[in-house]
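Colleague: Single-letter residue listing:
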Amino acid sequence: MTDLLDELPGEPMMWVLIVSELLVFGAGLAALSAMRLTDPAGFAEAQAHLNRAGAALNTVVLVTSGCLAALAVRAAQSGREGRKRALLAGAMVLGVVFLVIKGQEYAAKAAEGITWETHPFFTFYYLLTGFHAAHVVAGIVLLGLVAVLRDPRATETGAAFWHMVDLVWVLLFPVVYLIR
Amino acid sequence: MTRDPLLLAWAGLVTLSLAGAGLSLVPAGPVLSLMALSLALLKGRIILHRYLGLANAPRWRRGFDMVLAGFCAGLAGLALLLGTGI
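Here the protein sequences line up with chains A and B, keeping their order. Under the numbering used here, the first residue of the first sequence is numbered 1, with each subsequent residue one higher. Under the numbering used here, the first residue of the second sequence is numbered 1, with each subsequent residue one higher.
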């Protein structure tokens, strides 16, 4: 058992958090997929209001940010503090870019008079993407904290949280934006 | 040409993301759903293996791969039901 835990990269408690978050988002995505069966036409009509190009762009933004965070871990492990901070700053800036694009999408929905009560699809849309956006905010704060700590283990833990946010988005994107 | 696994992973993720963006042009139906979920599964595996470092933890990698594939298969099953109008 200790052997197995030793094999796991990074902080085990962060993996507990990652698995918990994946279960929560997974349940939400499964619920959306099941609810869609009750009103396929209504869900497709509601989904047509989403900005698929913006969401696809956000996928590229997040996976690029994740790469910078992973490179920051490598820099921290080799003692290159300046490079680590620069890479984490880049990852955080891309996190902010993600939130700006997401904010524009929410603003466009508000301008159309679409709220979370407009259709059950939008209830799931706002819950899932809003909860995810809250994790992006938390991830940016966490990356900022580990950027100032001279501890490679802390950098690895912060980056692992960021990768979880990334992983959730790549699973959320097809279910919310594409499948119809 | 880089051989850095992280940069190769990033290039793979960007390529798959662009392919996903292209799916918005595919008509609604089971083909779209299966392609979208397959791309998500591939991207998820790259993030787990390369970004989160499970490439160096074979037992954990197998476990996460199985659960992720099972989850995507479940979503695909629901999407296929959508296509049949059940």
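Source of the hints: derived by calculation from the structure; they are not laboratory data. Everything numeric in this text was worked out from a predicted model, so none of it was measured. Glycine residues also receive a C-beta, built at the ideal position from the N, C-alpha and C atoms. Be aware that a few hints might be false.
Partial list, derived from the structure: chain A residues whose beta carbon lies under 7 Å from chain B [what the hints assert, rightly or not]:
no.: 1; residue: GLU11
no.: 2; residue: LEU17
no.: 3; residue: VAL63
no.: 4; residue: VAL170
Colleague: Now look at each hint and say whether the structure bears it out.
Modeller: Hint by hint, here is what the structure shows:
1. Given hint, GLU11/A at the interface with chain B, is violated; its Cβ is 12 Å from that chain's nearest Cβ, farther than 7 Å.
2. Among the interface hints, the one on LEU17/A is violated; its C-beta lies about 13 Å from the nearest C-beta in chain B, farther than the 7 Å criterion.
3. Below 7 Å, beta-carbon pairs count as interface contacts, and VAL63/A has one with chain B at about 4 Å; its hint therefore holds.
4. Of the supplied interface hints, the one on VAL170/A holds, with its beta-carbon coming within about 4 Å of a beta-carbon of chain B, less than 7 Å.
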